[in-house]
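With chain A fixed as given, assemble chain B onto it according to the hints.
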Amino acid sequence: MRERAASTLVELFREDERLALVLADISVDLFKPALRHDPRRAVNVGIMEQTAVGVAAGFALEGFHPVVHTIAPFLAERPLEQVKLDFGYQRLGGLFLSVGASYDYGASGMTHHSPGDVAALSTVPGIEIVLPGTADETERLVRATYANGRPTYLRTQTSTNARSHELAPGGLTLVRRGSALTVIAIGPMLDRTLEALDGLDATVLYATTVFPLDRQTLAAEAAPADEVAIVEPLYEGTTTAEVAAALAHRPARILSIGIPREVISRYGTVEEHDRELGLDARGIRERILGFL
Amino acid sequence: MAIHALKPSPSAVDELLDLMGRAAGDEKHDRSSASTLDVLYVLYEDILRVDPAKPDWDERDRFLLSKGHGPVAYYAVLARKGFFPAEELERFMTWEGILGAHPDRGKVPGVEVSTGSLGHGLPMAVGVAYALRARGLDEQRVVVLTGDAELNEGSSWEAILHAGSRGLGNLTLAVIDNHSSSVAMSSIADKLDAFGWDAVTVDGRDHDELREAFRRRGAPPTAVVAVVEQKQ
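Those sequence lines, one after another, are chains A and B. Quick note on the working numbering: the first sequence kicks off at 1 and runs consecutively. Quick note on the working numbering: the second sequence kicks off at 293 and runs consecutively.
Worth double-checking, as some hints may not be accurate.
Unchecked claim - Some, not all, of what chain B presents toward chain A, calculated at C-beta under 10 angstroms:
id, residue
1, L356
2, T407
3, V434
4, E450
5, L453
6, N470
7, H471
What the hints assert, rightly or not - Simulated coverage check for chain A against chain B, where a stretch passes if three residues somewhere in it have a Cβ under 8 angstroms from a Cβ of chain B:
id, segment
8, 55–61
9, 76–86
It should be emphasised that the hints constitute simulated quantities derived from the structure, not laboratory data. Yeah, the Cβ is synthetic: ideal placement off N, Cα and C, and Gly gets one too.
Isolated chain A (complex conformation):
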């Protein structure tokens, strides 16, 4: 996803003179063609994330569509106030593209983990938050959002789904219909969620845009059963309020399956973290069966 996001942006950078690129020493090689093509609107500010976001806002004030890129915790959490004020309060648009979702840097410790990025950024009024599940979806979502006029966070992750989907306009796509429960799988969690649901009669919705969640589609497509499960590569409960609001007109029992809110200090691979935290297909199935 990271490489596709970068190559897409390099292409867009050549086509659209209003695109401005702000880096903070991360992925500089991937964006080198843009930095060479027009260094007046492609800037590597160095290791200064607050300034990266502020500089991007300066570009936006002058009518550019800025893209800011760095590692998720240093984009979403460290300069959160800059995103909130320099973009949210000023009512400016810009694309915040992150790498290193959740525990993609599995061996790096909590400094480089970002299970809380979406929860933190969701407090910025007007923000759009998208989580593609494949490289192709990443490209489509980059193209669809980079000039949308509002702050947008696009989270790339190393885990991916095997195939891409035709994404519904609101970012909540019906994958299959069932009657025993409704499951909302977010971004790269779709494949393992489908595997976990083997033999279960579930409606499955695939969410690539989580803020704002397409409440209308969820309300219309949810199965009649009260049980609703969310599978999110985020701190557990990050999107629960959105789902609850969509279903406020009817009874719903909501389970969030996500990353527990605890200090994660083991090293190792993404798969090892998934297994330990119950976020592989087996762990997800156990949680859902227990819930039912």
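Chain B in isolation, oriented as in the chain A frame:
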């Protein structure tokens, strides 16, 4: 340069003090409580190319009040220039008014950025400086105003380091130094020079000194440290 007591105020400054009084609800505002007043007056009178009839004029110079605190002098200067009617000052900080305790670009004509939280203006000003160059607006300049205490914020120094290393000559920093920082700042100009800027220190109440200092423009970004009386 020596810092004197307040110089006799020229008539324009008297007018501004009257305007500030309308916001404060007193007859004559105290000049010493408006640390930014003379710098703002000189900038808007003699330095910045702006057109109150067209606040979004593309070829204007950009002014960013990073230090959103104590904006009444700013509002008075904008009102006197004609960006909005002076009567608006009487609705300062009221439900019906457009003038808050910190300025909002969505409400006040002539205000480039909504500020209040310290340390945001310099990074944004660096971005505007880049953007102007990218747009081919080479004559235009960006002036950003901070307080001396605001320079406690690390984000300011990120932007200062970056702008100095990239030689953003279309960027000017105005620092109002009323010694309000709890942390000793020693020489702000020396620090800026060390970060690659061209900084001068002047009497923040002396219009001639201010005018001369703000007219400088060169390869590196420029800074004017305007020293005024200590905050009471």
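Results of checking the hints against the structure:
1. L356: holds (9 angstroms)
2. T407: Holds - the Cβ of T407 of chain B comes within 10 angstroms of chain A, reaching about 8 angstroms at its closest.
3. V434: Holds. Min distance 8 angstroms.
4. E450: holds (4 angstroms)
5. L453: holds (7 angstroms)
6. N470: violated (24 angstroms)
7. H471: With a closest approach of 26 angstroms, the H471 of chain B hint is violated.
8. 55–61: Held - the segment 55–61 of chain A has 7 residues with a Cβ nearer than 8 angstroms to chain B, which meets the minimum of three.
9. 76–86: Coverage by chain B holds here, the residue count being 4 at a Cβ distance below 8 angstroms.
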